[in-house]
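Novice: If you want the building blocks of each chain, they are given just below.
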Amino acid sequence: MSAIGELRTLRRDGRGGLTADQKQALAKERRRDSKAAAVFLAPWLLGLVGITIGPMVASLYLAFTDYNLLQDPNFTGLENIQRMLGDERLGKSLLATLTYVVVSVPIQLAVALGLALLLDRGIRGLALYRSVLYLPSLLGASVAIAVLWRLVFGREGLVNAFLGLFGIQGPAWVAEPDTALGTLIVLHVWTFGAPMVIFLAGLRQIPRQYYDAASTDGANKWQQLRKITLPLLSPIIFFNLVLGLIGSFQSFTQAFIVSNGSGGPADSTLFFSLYLYQEGFAGFRMGYASALAWLLLIIIGAFTALNFWASKYWVFYDD
Amino acid sequence: MRRRARRGALAATALALSVSVAGCGIAPDPADAELSDEDVTLTMTWWGADARHQSTLDAIKLFEEEHPTIHVEPTYADWGGYWDRLATTAAAGDMPDVVQFDQLYLSSYAGRGALLDLDAVPEFLDASSLPDNVLASGEVDGSLYAVPIGVAGNGVVVNTSLFEKYDVPVPDTDTWTWEEFDAAAQAITEASGGKVRGLSPFGADSFSLEVFARQQGDQIFDDEGDVAIDPATVAAYWQRELDWIESGAAPDAASLSEKAGVPLDQGDTVVGNTAMAFIAAGQFTAIAAAAPDFEYEVADWPADADTPEGFQYPKPSMYWAASSQSEHPAEAALLIDFLVNDPQVARAFGTDRGIPASEAFQEALEPTLDEPAKKLLDFTKLVGERSGDAPPITPNGASEIETMLSRYNQQIQFGQLSPQEAAAGFIEELQSAVDAAG
Amino acid sequence: MTTETLATTEPTTQPGKRPLVVRQRRRRPRILAHVGLVLVAIVMLYPLLWMVTSSLRPNDEIFTSPGLLIDTFDLSHYPDGWNALSKPFGSYLLNSALVVLGSVVGNLVSCSMAAYAFARLQFRAKTVAFAAMLLTIMLPVHVLIIPQYVMFAQLGWINTYLPLIVPKLLATDAFFVFLMVQFVRGIPRELDEAARIDGAGHARIFLQVILPLMVPALATTTIFTFIWTWNDFFSQLIFVTDPDLYTVPVALRQFIDAQSQSDFGALFAMSVVSLIPVFLVFLFGQRFLLRGIATTGGK
Chain V
1 MSAIGELRTL
11 RRDGRGGLTA
21 DQKQALAKER
31 RRDSKAAAVF
41 LAPWLLGLVG
51 ITIGPMVASL
61 YLAFTDYNLL
71 QDPNFTGLEN
81 IQRMLGDERL
91 GKSLLATLTY
101 VVVSVPIQLA
111 VALGLALLLD
121 RGIRGLALYR
131 SVLYLPSLLG
141 ASVAIAVLWR
151 LVFGREGLVN
161 AFLGLFGIQG
171 PAWVAEPDTA
181 LGTLIVLHVW
191 TFGAPMVIFL
201 AGLRQIPRQY
211 YDAASTDGAN
221 KWQQLRKITL
231 PLLSPIIFFN
241 LVLGLIGSFQ
251 SFTQAFIVSN
261 GSGGPADSTL
271 FFSLYLYQEG
281 FAGFRMGYAS
291 ALAWLLLIII
301 GAFTALNFWA
311 SKYWVFYDD
Chain A
1 MRRRARRGAL
11 AATALALSVS
21 VAGCGIAPDP
31 ADAELSDEDV
41 TLTMTWWGAD
51 ARHQSTLDAI
61 KLFEEEHPTI
71 HVEPTYADWG
81 GYWDRLATTA
91 AAGDMPDVVQ
101 FDQLYLSSYA
111 GRGALLDLDA
121 VPEFLDASSL
131 PDNVLASGEV
141 DGSLYAVPIG
151 VAGNGVVVNT
161 SLFEKYDVPV
171 PDTDTWTWEE
181 FDAAAQAITE
191 ASGGKVRGLS
201 PFGADSFSLE
211 VFARQQGDQI
221 FDDEGDVAID
231 PATVAAYWQR
241 ELDWIESGAA
251 PDAASLSEKA
261 GVPLDQGDTV
271 VGNTAMAFIA
281 AGQFTAIAAA
291 APDFEYEVAD
301 WPADADTPEG
311 FQYPKPSMYW
321 AASSQSEHPA
331 EAALLIDFLV
341 NDPQVARAFG
351 TDRGIPASEA
361 FQEALEPTLD
371 EPAKKLLDFT
381 KLVGERSGDA
391 PPITPNGASE
401 IETMLSRYNQ
411 QIQFGQLSPQ
421 EAAAGFIEEL
431 QSAVDAAG
Chain C
1 MTTETLATTE
11 PTTQPGKRPL
21 VVRQRRRRPR
31 ILAHVGLVLV
41 AIVMLYPLLW
51 MVTSSLRPND
61 EIFTSPGLLI
71 DTFDLSHYPD
81 GWNALSKPFG
91 SYLLNSALVV
101 LGSVVGNLVS
111 CSMAAYAFAR
121 LQFRAKTVAF
131 AAMLLTIMLP
141 VHVLIIPQYV
151 MFAQLGWINT
161 YLPLIVPKLL
171 ATDAFFVFLM
181 VQFVRGIPRE
191 LDEAARIDGA
201 GHARIFLQVI
211 LPLMVPALAT
221 TTIFTFIWTW
231 NDFFSQLIFV
241 TDPDLYTVPV
251 ALRQFIDAQS
261 QSDFGALFAM
271 SVVSLIPVFL
281 VFLFGQRFLL
291 RGIATTGGK
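Going down the list, the sequences are from chains V, A and C.
When we follow our numbering, the leftmost residue of the first sequence carries the number 1, and every step to the right adds one.
When we follow our numbering, the leftmost residue of the second sequence carries the number 1, and every step to the right adds one.
When we follow our numbering, the leftmost residue of the third sequence carries the number 1, and every step to the right adds one.
Where hints are given, some of them may not hold.
[What the hints assert, rightly or not] The calculated EDC-like cross-link candidates involving lysine to aspartate or glutamate, where the alpha carbons are at most 16 Å apart (straight line), are: (1) A:LYS165 <-> A:ASP141; (2) C:LYS126 <-> V:ASP178; (3) A:LYS374 <-> A:GLU363; (4) C:LYS87 <-> A:GLU363; (5) V:LYS23 <-> C:GLU193; (6) A:LYS61 <-> A:ASP342; (7) C:LYS87 <-> C:GLU193; (8) C:LYS87 <-> A:ASP342; (9) V:LYS28 <-> C:GLU193; (10) V:LYS227 <-> V:ASP217; (11) A:LYS195 <-> V:ASP217.
[As the list claims (entries may be wrong)] Over the 12 Å line for every Cβ pair with chain A, so calculated as not near, a few chain C residues: (12) ILE31; (13) PRO79; (14) ALA84; (15) PHE123; (16) PHE130; (17) ARG196; (18) VAL209; (19) VAL215; (20) PRO249.
FYI, nobody ran anything at the bench for these hints, they're computed from the structure.
Virtual Cβ for every residue (Gly too), placed ideally from N, Cα, C.
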């Protein structure tokens, strides 16, 4: 049976297409599974109850208080939420964050996927390329980046020196409110190492027989990519997309380092997490910061849920 | 926890409570403080870079030699990490016993009961070696909560090498007027063909705003801790900056924005992009050390004939304070006393924490000083002579004043707001932050 | 499937065995690919090269030149930086290594177990549990750090590495659980079924079938846990206050102070030094990325 044919059948059946026999077997196994699940999930459950939930509940409670770090929190009901409605900087930070997420996540994924596909073709010196391409991700959060970014995107920086060759006088990219966010997007895309490595690992999971079979069927490279690689890689693409979104919504370090904690110039790089941090730690309004954090959770949660819903239509699981 | 055992309940719901339990705690009455007969371990924390860590560790060693029953456990971090960590430990009721402080946060901590009232432990701590107007900067609501360490005026740093290079005479900085100052700045820009600008303007820090306001007979905060400054004063402050940018005396907005918040050694003053700058004078020695090829002087602000006297004031660069939760308030006070009074400490610290505020320390230091430090000492003495009363310190809730200033400043620089709009917005935001802190 | 077919489709591992014809036919696109990759590589490498050259420059030249040419070659930042802090830099590297080691082991064991349950077992409230797991990584650390500190303080864990390692042992890093779930789901069910027919229980299927097939995911987890823990500043700063226990990211900050003079040369030198272990781990670890179903032959 050809791999492509097999894939088509599987996709048509979808996940719910189990036969009656299989359903019965499933029911039988279910009890055995539950016991095993208790064991396999024990560490995670212990961590959830013992370590994760407590601080989360605490922060949820604090979201409805005026907690200032140093004194008892007083319950203030919906006051923090009311404040959000009239908070101008909150609007700015939401806009900056959304722009950042919407632009940088797809580009980063595309670059990571493209290079992973290129590297997976078994090019000579593969290990070397892979390492080199991953290097920026090692540096991503280093304080050196702040210095370097100004040297690259400053008025006298490398980018402008390059543009100068064509007679273009570029602006001071990092320092202008209109372009500063753009440089952070470039910085994010530039650290595509993590999703790329995950894609590479995912590509290795795809059984080679499918390709061999497809070649025998006369499928060209493009058809193989569309009919084999992408469907079989889709769980990994999905993973990178979901985690990429969660991560970029919470993006903090790079903006913090490059803008020296201010979110400047003129709030143009005020990411949500950065704003929340400023409120909590510089302004001692940890109650409000907690409320902001839960707003962020709701936003991220909504995006994630949307993704899971949409994944039914394009993510292919082999189970 | 090692030092302060608390109820060990770990249930998730109890956690929300435990935050509040940790926050308030029951502070021991400092008036009952006495030295323990047994061995005591104090914790102590400060921010800085490595040189400061070493010199402070030396000072601790000296203290432990004199007080063999007291052991000091140090911890330190860089400026940013320091405040995050301090806030976290303070919130958990685990703040170190002796803490290096900055004026920015002093009221925010003292006003919320996190700091030890040092007036309550007079038998262990005597801060009378400090001038009154300096000591006043450590008081919140009339009680001393923090002892100033080093002080500095706000000065104009002048890169005389650049003046020489472009053949521009340095004005007489003892008597200079704003007009002379502007002319000199303009001359540098013109003589260098714009390669070097005359000055780095003020506009984004509360110290220069305070001195500017005092030159107009105004001040940022009143004694009640409310925002008192006239919007016109703030607008004039920013308008002055815009004028400099427009005339070319100062770098343009993008260049300034590019340098906003960079470490000192990458700043325009050190790199030689500008010939003059307004600085907290405590930075003078660091600037001089970072740019060995340049000669610098530090001078008082220009003043006109109608400028009120005493606009300068010695602002503490940092303080020592103690935790109100400390189990050993007597020993903590003793350590602070040692740090502000023992001449060995003066020699160990040098000028790293600024020129010490006490005359005794200044004398102990004087023979050891290098050229830039001597200039700084002279300037500090000059400020001491010329200074008026200290202004009210940054009140509880206003700890974000610096970030607010730089934010509004950038919005002005990029033409998003006029100085008048920014002044109104700044004052309103600052006052509401103060109000919110109660 | 035979080993011969493997060899022809797996040129990196055994390039010599590829039929000559195929090799020549592919040469031109290969060269193009190389040119593209080299260009990208230069852009990617530039910052690292810049950091290395900066560590070899006198301090005052660092911020004036974005280029890579060195006017004055100065090796002194390395010995100076190594010895500048209260302890030799090696002891901070060792501290970091301890934290990293604990975290890697913790993540590998606990996350793979949880992932097996989510991917292969049917149990009640699975969707809810999975959603809960994802929710736990959606709150920013800055509002969690204080309750966490209170909790760890009550346990007496402040100034130990326990707050950094124990959570990893308890699979709190949902990123890796989810990652492994996706990989396990990519492993064909028939393999489990075959083992089950042979009488294997879940423990055996997990250890003998699934784990060997998810080596790429485990390698990915190892590499990322290593790198992210190695670079993590905030939690290491907050939970560890004794300078003798400081880890590399916290120690590196001691070279810089925004208000006074910073030693950027030493900072870059020690940053380069601290990158070496990470890079070595990546170089070594990525070999395991190559394993998996593809190379084990799908059976």
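Novice: Would you mind marking each hint as holding or not holding in the structure?
Specialist: Now for the hints, and whether the structure bears them out:
1. Restraint check for LYS165 (chain A) and ASP141 (chain A): the C-alpha separation of about 51 Å exceeds 16 Å, so the hint is violated.
2. Under the criterion of a C-alpha separation no larger than 16 Å, the hint pairing LYS126 (chain C) with ASP178 (chain V) is inconsistent with the structure, at around 46 Å.
3. Straight-line distance between C-alpha atoms of LYS374 (chain A) and GLU363 (chain A) comes to about 12 Å, which keeps the hinted pair within the 16 Å bound.
4. Of the supplied pair hints, the one linking LYS87 (chain C) and GLU363 (chain A) is violated, its CA atoms being roughly 33 Å apart against a limit of 16 Å.
5. A threshold of 16 Å between alpha carbons decides the hint, and for LYS23 (chain V) with GLU193 (chain C) the separation of about 15 Å falls inside it, so the pair holds.
6. Taking the CA atoms of LYS61 (chain A) and ASP342 (chain A), the gap is about 13 Å. The hint holds against a cut of 16 Å.
7. Of the pairs offered as hints, the one joining LYS87 (chain C) and GLU193 (chain C) is violated, with about 56 Å between alpha carbons and a cut-off of 16 Å exceeded.
8. Taking the CA atoms of LYS87 (chain C) and ASP342 (chain A), the gap is near 28 Å; set against the 16 Å cutoff, the hint is violated.
9. Straight-line distance between C-alpha atoms of LYS28 (chain V) and GLU193 (chain C) comes to about 14 Å, which keeps the hinted pair within the 16 Å bound.
10. Taken as a hint, the LYS227 (chain V) and ASP217 (chain V) pair is honoured in the structure, with Cα atoms around 13 Å apart against an allowance of 16 Å.
11. With a C-alpha separation of about 69 Å, the suggested pair LYS195 (chain A) and ASP217 (chain V) falls outside the 16 Å cut-off, and the hint is violated.
12. For ILE31 (chain C), the requirement that its beta carbon stay farther than 12 Å from each beta carbon of chain A is met, with the minimum near 41 Å.
13. PRO79 (chain C), annotated as away from the interface, keeps every beta carbon of chain A farther than 12 Å; the closest lies near 15 Å.
14. Distance check for ALA84 (chain C) against chain A: the nearest CB is about 6 Å away, which does not clear 12 Å, and the non-interface claim fails.
15. Every CB of chain A is more than 12 Å from the CB of PHE123 (chain C) (nearest about 23 Å), matching its label as outside the interface.
16. A cut-off of 12 Å between C-beta atoms confirms that PHE130 (chain C) is not in contact with chain A; the least separation is 20 Å.
17. Every C-beta of chain A lies more than 12 Å from that of ARG196 (chain C), the closest at about 38 Å, which supports listing it as non-interface.
18. Every CB of chain A lies more than 12 Å from the CB of VAL209 (chain C), the least distance being 37 Å, so the non-interface label holds.
19. For VAL215 (chain C), the requirement that its beta carbon stay farther than 12 Å from each beta carbon of chain A is met, with the minimum near 37 Å.
20. The claim that PRO249 (chain C) lies off the interface is violated: its Cβ sits roughly 10 Å from the closest Cβ of chain A, which falls inside the 12 Å cut-off.
Going through the hint list in order, the structure does not satisfy hints 1, 2, 4, 7, 8, 11, 14, 20.
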